[in-house]
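Protein chains: 2
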Amino acid sequence: MSANATDKNSASRLRLAVLGSGNGSNMQAILEAISNGSLAAEITCVISDVADAGILARAKAASIPQHYISAEPFRTKLDGEAEKQYLNVLNDYDTELIVLAGFMRIIKAGMLRAFQHRIINIHPSLLPAFPGLHAWRQALDYGTKITGCTVHFVDEGTDTGPIIIQRHVPVLDDDTIESLHARIQQQEHIAYPEALRLISENKLRVKNRRVLINNS
Amino acid sequence: MSANATDKNSASRLRLAVLGSGNGSNMQAILEAISNGSLAAEITCVISDVADAGILARAKAASIPQHYISAEPFRTKLDGEAEKQYLNVLNDYDTELIVLAGFMRIIKAGMLRAFQHRIINIHPSLLPAFPGLHAWRQALDYGTKITGCTVHFVDEGTDTGPIIIQRHVPVLDDDTIESLHARIQQQEHIAYPEALRLISENKLRVKNRRVLINNS
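Chain order of the listed sequences is U and D.
So in our numbering the end of the first sequence lands on 216, straight run, no missing numbers.
So in our numbering the end of the second sequence lands on 216, straight run, no missing numbers.
Isolated chain U (complex conformation) (with noise of 0.2 angstroms):
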């Protein structure tokens, strides 16, 4: 943390760094709570994999330094000289904690070890039911009535880390995808920052694969 005497707010505030490849609602919800006051954080830099993500317009509204880099040749995972330049960018930034909102690309060793129980996800089910791709989907094919979202650190699997929150969400007999997804998203806008506000506040242990959060 780059303390600085004269900014005691500073001093306190976690140092994130957002990655995704889409919308950015999630950021959103995590600025305003850093704005309403309800967690102490700031989001220091957005890093996209799409050049034309909703997240890097975001940033640049809320001015926040923002970058497109590229995660090419591989298309599903972060690796290579890619996360190399990922990993000097998030450097640059004193990045304590990395923030994964919709980051479409797996974390790979590289990162895992440079920021190791440092990275965290949004996951749209409750894991371990409907890890990957379009858990709203899947939720719903399988014809499951509760699913929700879970927030979770970053291990070498695929939506398999510790999990520090999960909120549930009822699938209503009339739901499709797109309503579905909608109710997960509004559980997921408020999972993230409060999760991050339990790291904010060093309130979280981890005991084998359980988060618990630390009273003492």
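A few of these clues could be false.
A pair counts as met if it fits within one copy or between any two copies, since identical chains are not told apart.
For lysine to any residue, the following SDA-like pairs were computed, each having C-alpha atoms within a straight-line distance of at most 20 angstroms [claimed, not checked]: (1) Lys-60 to Ile-177; (2) Lys-207 to Asp-173; (3) Lys-84 to Met-104; (4) Lys-203 to Asp-173; (5) Lys-207 to Leu-172; (6) Lys-77 to Ser-21; (7) Lys-207 to Ile-177; (8) Lys-203 to Gln-116; (9) Lys-207 to Tyr-142; (10) Lys-203 to Ala-33; (11) Lys-207 to Gln-138; (12) Lys-108 to Ser-70; (13) Lys-207 to Thr-176; (14) Lys-60 to Ser-70; (15) Lys-84 to Arg-113; (16) Lys-203 to Leu-172; (17) Lys-207 to Asp-175; (18) Lys-207 to Asp-141; (19) Lys-77 to Leu-87.
Please keep in mind that the hints were generated in silico from the structure rather than gathered at the bench.
Source: prediction; values computed, not measured.
Assemble chain D onto chain U, guided by the hints.
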């Protein structure tokens, strides 16, 4: 259904057979729903593969015909001669719906064919998460924050059939496997009678894998 012109109630009651290997608390919850008038059904017989199972004692106490039928030599499934004996008893009671209540054996093709879409089970997790044994322990070990219970139709898989009802249960930081199991069971005792009520009122239809409530 064995309609009896002198007993309208009996004619409209769904004839259940309960199969269980354990304590029978779910059967007790079903009995209570029947006696308080919220479920138009009757438990015509209880069958167990465990000679001293609590479910048989509960059935006896409630004056419900009870049968111990060994499922040997198999250890984890109901098959072969044992399956035939079970089917004979089920047919003797004009069974309309088989209700698995802690029955610790896999139902095989013979019974599935004889009672197609007429066998239901309750499972102590939000399926498809944590199928199989000790689902509450699996949930705790995985570190999931929300689990629950699932009532589903039985198909040839293990805990894979179409889902009728789910109820969620939060996992607490200080939960033990016992405390979590107990809270899941409380929800089971609500979910199972409710699912039976929907079936008894002929309100369910299955579309692909989704079980929908028919309001027409």
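Verification of the hints:
no.: 1; hint: Lys-60 to Ile-177; in the structure: neither (30 angstroms within a copy, 48 angstroms between copies)
no.: 2; hint: Lys-207 to Asp-173; in the structure: between (38 angstroms within a copy, 11 angstroms between copies)
no.: 3; hint: Lys-84 to Met-104; in the structure: within (18 angstroms within a copy, 53 angstroms between copies)
no.: 4; hint: Lys-203 to Asp-173; in the structure: between (39 angstroms within a copy, 13 angstroms between copies)
no.: 5; hint: Lys-207 to Leu-172; in the structure: between (35 angstroms within a copy, 14 angstroms between copies)
no.: 6; hint: Lys-77 to Ser-21; in the structure: within (12 angstroms within a copy, 48 angstroms between copies)
no.: 7; hint: Lys-207 to Ile-177; in the structure: between (36 angstroms within a copy, 16 angstroms between copies)
no.: 8; hint: Lys-203 to Gln-116; in the structure: within (17 angstroms within a copy, 51 angstroms between copies)
no.: 9; hint: Lys-207 to Tyr-142; in the structure: between (32 angstroms within a copy, 11 angstroms between copies)
no.: 10; hint: Lys-203 to Ala-33; in the structure: within (18 angstroms within a copy, 44 angstroms between copies)
no.: 11; hint: Lys-207 to Gln-138; in the structure: between (30 angstroms within a copy, 15 angstroms between copies)
no.: 12; hint: Lys-108 to Ser-70; in the structure: within (16 angstroms within a copy, 53 angstroms between copies)
no.: 13; hint: Lys-207 to Thr-176; in the structure: between (38 angstroms within a copy, 14 angstroms between copies)
no.: 14; hint: Lys-60 to Ser-70; in the structure: within (18 angstroms within a copy, 71 angstroms between copies)
no.: 15; hint: Lys-84 to Arg-113; in the structure: within (12 angstroms within a copy, 58 angstroms between copies)
no.: 16; hint: Lys-203 to Leu-172; in the structure: between (35 angstroms within a copy, 15 angstroms between copies)
no.: 17; hint: Lys-207 to Asp-175; in the structure: between (37 angstroms within a copy, 13 angstroms between copies)
no.: 18; hint: Lys-207 to Asp-141; in the structure: between (34 angstroms within a copy, 10 angstroms between copies)
no.: 19; hint: Lys-77 to Leu-87; in the structure: within (14 angstroms within a copy, 54 angstroms between copies)
Of the hints listed earlier, the one the structure fails to meet is number 1.
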